[in-house]
Amino acid sequence: MNVAVQKHPDCNPSVDESWTDEMLLVQYRQTGNRRLFEVLVSRYERELYSYLRRYLGDAEMADDAFQAAFLQVHLKRDHYEEGRKFRPWLYTIATNQAIDAQRRNRRHRMVSLDRAGADHVEEVGRLADVLVSNAPDPVDVAADKERSAWVRSALADLSDQARQVVELVYYRGMKYREAAEILAVPVGTVKSRLHAAINKLNGSMAHQEAERRG
Amino acid sequence: MDNRLRELLLGYLLGALDREEVDAVEELLHQHPELHGELDALREMIDPLEEIPSTEKPPERLAERTCNLVEFHARRDDKLDAAPIASPGMSATHVVSSDGSSSWTSLDMFVAIGVCLSLAFLFLPALMASRDQARTMQCQQQLSRLGLALHTYYDRFNSFPAIPKTGDFSFSGMFASRLRECEMLEKDSTLICPSSPLADSADHWAGVFTVRDVMADDSDVSMTMLHQSGGSYGYCLGVYVNGQYETPGASRRATFTIMGDGSWVGDDSVIAHGNRGRNLLKEDGSVQWISRVSLDALPDHPYRNIRGQISVGLSRDDSVLGDTSTSPFPIPFYYVSE
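From first to last, the protein sequence lines stand for chains A and B. Counting in the working numbering, the first sequence runs from 1 upward without gaps. Counting in the working numbering, the second sequence runs from 1 upward without gaps.
Chain A extracted, bound-state conformation:
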């Protein structure tokens, strides 16, 4: 079957917010109208990039995985079943791309930790600017940033599987069932992974707090 995009330059429907993701993809499949695909990509630019960035722990790999994911959406658009939700389908594709990226670069974890450190140095540097501005109390800002750095560090210490579940359920607001579909595991596994991840995060935070105080 010919799956190449058929160009219809004159066909340029006005796309507004009322178009669902599913409508955009089905219309794109039928017309090959690039504008529809662009809307879809821009809708998920921030959200999906954030998921990949945190999952992979590396901005460059996340950038590549994001592009690869949408290329797969284009290539597999004929496999998309009408009536199915687009978002879990996209996340399944993106997760597989992230896993492939990890396989290609086994050093991702080390890079992630290095980068976390670099971010922290940069943030401390910016505090000097805060001191001469009308921004909130620098002590509060510093404390906030320190807490944020702890959480990032604790999240980075989780296993890949646990981090995926936290990302999908907590930060992306997905149902257990949707996360299970994306990760191709039973719902019970998602529940137990999330519970274990929250326990571990708290243990890790408590440990960091104890180290800081004593």
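The reader is advised that the hints may include incorrect statements.
[To be verified] The calculated DSSO-like cross-link candidates involving lysine-lysine, where the alpha carbons are at most 30 Å apart (straight line), are:
{"hint": "1", "chain 1": "B", "residue 1": "LYS57", "chain 2": "A", "residue 2": "LYS175"}
{"hint": "2", "chain 1": "A", "residue 1": "LYS175", "chain 2": "A", "residue 2": "LYS76"}
{"hint": "3", "chain 1": "B", "residue 1": "LYS165", "chain 2": "A", "residue 2": "LYS200"}
{"hint": "4", "chain 1": "B", "residue 1": "LYS57", "chain 2": "A", "residue 2": "LYS145"}
{"hint": "5", "chain 1": "A", "residue 1": "LYS85", "chain 2": "A", "residue 2": "LYS175"}
{"hint": "6", "chain 1": "B", "residue 1": "LYS57", "chain 2": "A", "residue 2": "LYS76"}
{"hint": "7", "chain 1": "A", "residue 1": "LYS175", "chain 2": "B", "residue 2": "LYS165"}
{"hint": "8", "chain 1": "B", "residue 1": "LYS57", "chain 2": "A", "residue 2": "LYS200"}
{"hint": "9", "chain 1": "A", "residue 1": "LYS85", "chain 2": "B", "residue 2": "LYS57"}
{"hint": "10", "chain 1": "A", "residue 1": "LYS175", "chain 2": "A", "residue 2": "LYS200"}
{"hint": "11", "chain 1": "A", "residue 1": "LYS200", "chain 2": "A", "residue 2": "LYS145"}
{"hint": "12", "chain 1": "B", "residue 1": "LYS187", "chain 2": "B", "residue 2": "LYS165"}
Hints in this document: simulated from the structure, not taken from any laboratory. All values derive from a computational prediction rather than experimental measurement.
Based on these hints, arrange chain B on the given structure of chain A.
Below, chain B without anything else, positioned relative to chain A:
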């Protein structure tokens, strides 16, 4: 508190539950106000996650670069599809090769396809039926071997492997873990019915894990593997009579089901034999094939208790098979009965 209840409460706080689960949790909170304390404790545990934003700033022009990449591939595919296969003036029904000799006409193609379809029509059903029959028999042999292992276990411990009533290890697949610990399981693959979808994705099944493996590894991954240890077969969840939780095994009844093909509700991965029926291992060690239609007509449904629930049996003759991660006491049951 039971981990499964915490998982539900956590999902409730995060809005990760389906409507029915939300209703069940709200009912529990209504009946057991003390659970609000647990809910508050969990809320405190997830609070730190708010310290980092849910989204991060994407790199410059990410969406634009992505669209350009897709456009590039689309153009390339267009060019490939536009490459000539035959001369523009050539008839669609008569293709001539470059040396001028005649090649296949569309009539030839139709005849060939017709012959192939006829052959397939004649032989495919017989081939499929024969393959299904072979797999059903292999499944029966595997269940017989597992029955032998269970009886060997019984002879040593005076009971079939028991499933803990509560706690992290309260799920059906623990039977396999116990058999493995006692070195009574020949090989892990015995636990996968050859006609279950799990057999096609056996690479994703890590085999039988034991509690010792989990203790040694101490990760959620090994705990997940432990939950999947039962493979594609369901195991008897025990019976709950006069406030006592019992593991059957002593009576050697030919009517009481102790193990069989799985029927994970909401998960098709263990539904074997094209859902045409199930192989069931009885307490006396015999294996029976029960068609799907006959299953509902049995005096004791092997996958539901007398209240129609997938949980522990409610009389000594009430057998219920639970798939590997099924608990004998699902949370509402546990709370009501306690």
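Hint by hint, here is what the structure shows:
1. LYS57/B to LYS175/A: holds (24 Å)
2. LYS175/A to LYS76/A: holds (25 Å)
3. LYS165/B to LYS200/A: Answer holds: LYS165/B to LYS200/A is near 26 Å, not above 30 Å.
4. LYS57/B to LYS145/A: holds (17 Å)
5. LYS85/A to LYS175/A: holds (13 Å)
6. LYS57/B to LYS76/A: holds (27 Å)
7. LYS175/A to LYS165/B: Between LYS175/A and LYS165/B the Cα gap is close to 28 Å, so the pair holds against 30 Å.
8. LYS57/B to LYS200/A: holds (27 Å)
9. LYS85/A to LYS57/B: This hinted pair holds, its Cα atoms lying about 25 Å apart.
10. LYS175/A to LYS200/A: holds (21 Å)
11. LYS200/A to LYS145/A: Answer holds: LYS200/A to LYS145/A is near 21 Å, not above 30 Å.
12. LYS187/B to LYS165/B: Given that 30 Å is the threshold and the Cα spacing comes to 27 Å, the pair holds.
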